[in-house]
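Q: Sequences and hints are given; from them, build the entire structure.
Number of protein chains: 2
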Amino acid sequence: MSPRLPKALLKKFLAQALSLSKKAGQIILKRRISGYGVRRKSDRSFVTDVDLEVERFLRAQIGKLFPAHGIIGEEFPSVNPGADFQWLIDPIDGTLSFSRGVPLYGTIIALHHLGRPVVAVVDHPALNLRYSAALGHGTYCNGMPQFVKAQSLPVKTSVKPREEIIVMGDRAQFVGVGKEAAFDALLREHPRVRIYPDCFGHTLAVSGAVGAMVDFGIHSWDIAATRLLIEEAGGKYVCAQTLKRPGKETLYGIIFGKPKVVDWLLPFFK
Amino acid sequence: MSPRLPKALLKKFLAQALSLSKKAGQIILKRRISGYGVRRKSDRSFVTDVDLEVERFLRAQIGKLFPAHGIIGEEFPSVNPGADFQWLIDPIDGTLSFSRGVPLYGTIIALHHLGRPVVAVVDHPALNLRYSAALGHGTYCNGMPQFVKAQSLPVKTSVKPREEIIVMGDRAQFVGVGKEAAFDALLREHPRVRIYPDCFGHTLAVSGAVGAMVDFGIHSWDIAATRLLIEEAGGKYVCAQTLKRPGKETLYGIIFGKPKVVDWLLPFFK
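From first to last, the protein sequence lines are chains A and B. Mind the numbering: the first sequence is residues 0 to 269 in numbering that gives the first Met the number 0, read in order. Mind the numbering: the second sequence is residues 0 to 269 in numbering that gives the first Met the number 0, read in order.
Quick caveat, the hints were computed from the structure, so don't treat them as lab data. Treat the hints with caution; some may be incorrect.
Pairs of lysine-lysine, DSS-like flavour, derived with a Cα cap of 30 Å [stated by the list, open to error]: (1) B:Lys40 x A:Lys159; (2) B:Lys40 x A:Lys259; (3) B:Lys159 x A:Lys40; (4) B:Lys235 x B:Lys247.
A: Right under this line is the structure:
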């Protein structure tokens, strides 16, 4: 367990993370219009020049602000891997969406202290929505507090798992980790499943707009912010799969959202 | 076939439709914050006070501007059913999303002349995206011309159906009209299927961000704008199912987007 960090320090880290995500969003929106290159990586996923530009920018800024901190990101090697404080960044989560013009991508910035998330930001620049949390200080979107347990404000009903919207990632993510049967079963069983992959699904769960999200086959930087955002908003976060792969990055399967809905979903993915 | 309408008249109708959608969006965003009631209709779908308020507003405005025109909308009886010009309106397409806080809903306004769509608008107020088309004059989003055939600008590759994102509506829509086997088959066969229901999926296809959308079990007002938006952007629109139901509204199944992708999808839903 990480020792309790002073509130002033947490607030400073959170303010820096928010400022960095804002600047990252400005780069993304500008380059979306000016154009950029896109290519496949060795794992067949996509990367664009904008991913690289934003990750370079974030690494340079974090290195200047906190030279002793570590940095873990998708596109470049880790910095200070032994440091107590580690910044996990994903410049564009949802690169395929971004490169095609689907506006549901986002920038993820999280700070972990001794392995525990203490600050988290997910910014959707094209939607003008910025979610943030600091350990012990709640979750906010554009300055408004978020509560997973409540439905969106006008609909104050009790949470019934079968009446909530459930979100999953792309089916291919589940095929890759042997969970396609569970994916298919949930889609047949529940009348309101949507496939909203990437961090847009994550923040829908954080806001309580959907009952929960099930996301498998994802990396540490994809989930770095989600646990804190969900838990600080009163939700439940379960890591249902940790798939270690020799010579490759570990893949995770997570289920998160309103506690009753998460509990209803768990048996499908056990 | 409808006789050719003068350009000045089409432009006037389009400007009015855009102005109406803008005002509808202002009501929706304001009421989203102030709160509203929500209940189920007899067909188990949802309606909110905002749907009713916006439809009443649109009907009153259209009635004032064009008293001889007909009006067809989801929540109230038709007006002037024999008129050559018919306005088809859906105040909030995606009411479930709206009522839960998922920002991917929209207002649909279309004008048909002798059964043929001549003006079409889909407005996403929470996303600040407004798509519009007039017969023979192209499709625009926030003033920028849209071309279905092109991928989003930075990725100038040829269109390969298996590499495009495919969008479908909720599985329940397909179950209701006997197409769940086709839904399941496509989801297993294609690696990049997303479930983005309602008009958000439609406008993703119009912009070329996704290869095509498959949407079944929907009403005349759900599709009133889509055909014109797609065709004026150079895309293909196929009505693959017309399900007449005694004493109930007809349900449609449509497939639309980049012509090569639509052709690839058709055999699944034949």
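Q: Which hint numbers doesn't this structure obey?
A: none
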